[in-house]
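Could you fit the two chains together into a complex? Lean on the hints.
In case you want the letters, here they are:
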Amino acid sequence: DAKTTQPNSMESNEEEPVHLPCNHSTISGTDYIHWYRQLPSQGPEYVIHGLTSNVNNRMASLAIAEDRKSSTLILHRATLRDAAVYYCILRDPPRGTDKLIFGTGTRLQVFP
Amino acid sequence: DTGVSQDPRHKITKRGQNVTFRCDPISEHNRLYWYRQTLGQGPEFLTYFQNEAQLEKSRLLSDRFSAERPKGSFSTLEIQRTEQGDSAMYLCASSLRTGITDTQYFGPGTRLTVL
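Protein chains in written order, with the numbering used here: chain A, 1 to 112; chain B, 1 to 115.
In isolation and in its complexed conformation, chain B is listed as follows (with noise of 0.2 Å):
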């Protein structure tokens, strides 16, 4: 097993433009979160997955950001009408929910730069 991989690593991208990243999660792993982190700070969560519905999303996933998970397999985040105030890593996470508990896999992010 290769572990949680995102595409693209980095993105650079002008403002308005719109832009869109992928996660592919450890196979069989049931669940898929999206998380965001700016500089200094902690990652924030931002949505989650149990297989392909998805359970809760943030405040901070405005009406500009979308994510999908179809067949419960890989994830993709889009974001449209990009704003320098979105410039972030953006990092998936995947865990397989057996018990009370589980542990999250993280991949290395896609870092997003907004002109």
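Bound-form chain A, shown alone (with noise of 0.2 Å):
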């Protein structure tokens, strides 16, 4: 399974834009780009996911590269409540099975 890369914290105001990275050199022409993020105390939540070309949802946009090697999941304007550890992973639906790989993620704090 191919493996992402991101920073363990990043920190923002509320209310300014935020944008976490990730890394994915080794990521296959298959492997879809997933964001999950967990809030203290419950589950994991999905947020956004691509393959090639930037993607836009009501919580977040994800930013490709052109040659996918990297991402970027947007937040456009921070709230306290986005306080989370984001995941980035990476997904192969037609080679791999369905799980999902978790690394550590990026634990992002808001601070009003």
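FYI, nobody ran anything at the bench for these hints, they're computed from the structure. Please note that the accuracy of each hint is not assured.
Looking from chain A toward chain B, a few residues come up when the C-beta cut is under 7 Å (computed) [said to hold, decoys possible]:
1) 43
2) 87
3) 103
Only part of the chain B face toward chain A is listed, based on derived beta-carbon distances under 10 Å [claimed, not checked]:
4) 65
5) 101
6) 105
Heads up, the beta-carbon is just placed ideally off N, CA and C, and yes, glycines get one too.
Shown next as structure tokens:
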């Protein structure tokens, strides 16, 4: 399974944009890039996913580098509720199983 | 729909005892996953079901662990002869696999403490 590398922690102030980076230099052509987050004392929750093109949804945007070796999760205006651990995960449905392989993620702190 | 539910939310047991956890997935979700999470780590995959068939088991799932999903609805995870190393959060997730990939919806977890 392809690996991802994320910073251990990041900080932001409320209402500022946050860019959470993820490196995945060994990504294969069929790997999807998924982001999940885990709020304190809760199970993980889905944020967004993409393959090649940038993606937007109501929670965040996902910017994928042209060579797909890195991606960035963008929270446009951080709120206190966005304080969580963010996981960048590669999934290869055609070849692998559908299990999620979590790393240690990036712990995001948001200050008022 | 109330989401994925897990019962109990907390369990304290003595070493050597057996414990059983239950997961109720989102209705009509055909896939159900079990993960385990220890402090400071991301969740680790244990096993998953498609309907009632158990399709994959992690090497983390020793002989003391067994999971079932009778009739393809709720699932149970049993740990026999618990050890202190089994102390962790046990997470259940469900999904509806219809296309090339799916979104997993997680429950709140069952926190197990083995004394």
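Against the structure, the hints come out as follows:
1. 43: 3 Å, holds
2. 87: Holds. Min distance 6 Å.
3. 103: 6 Å, holds
4. 65: Constraint on residue 65 of chain B not satisfied, violated at 16 Å.
5. 101: 5 Å, holds
6. 105: 7 Å, holds
Hint 4 from the list above is the single one not met by this structure.
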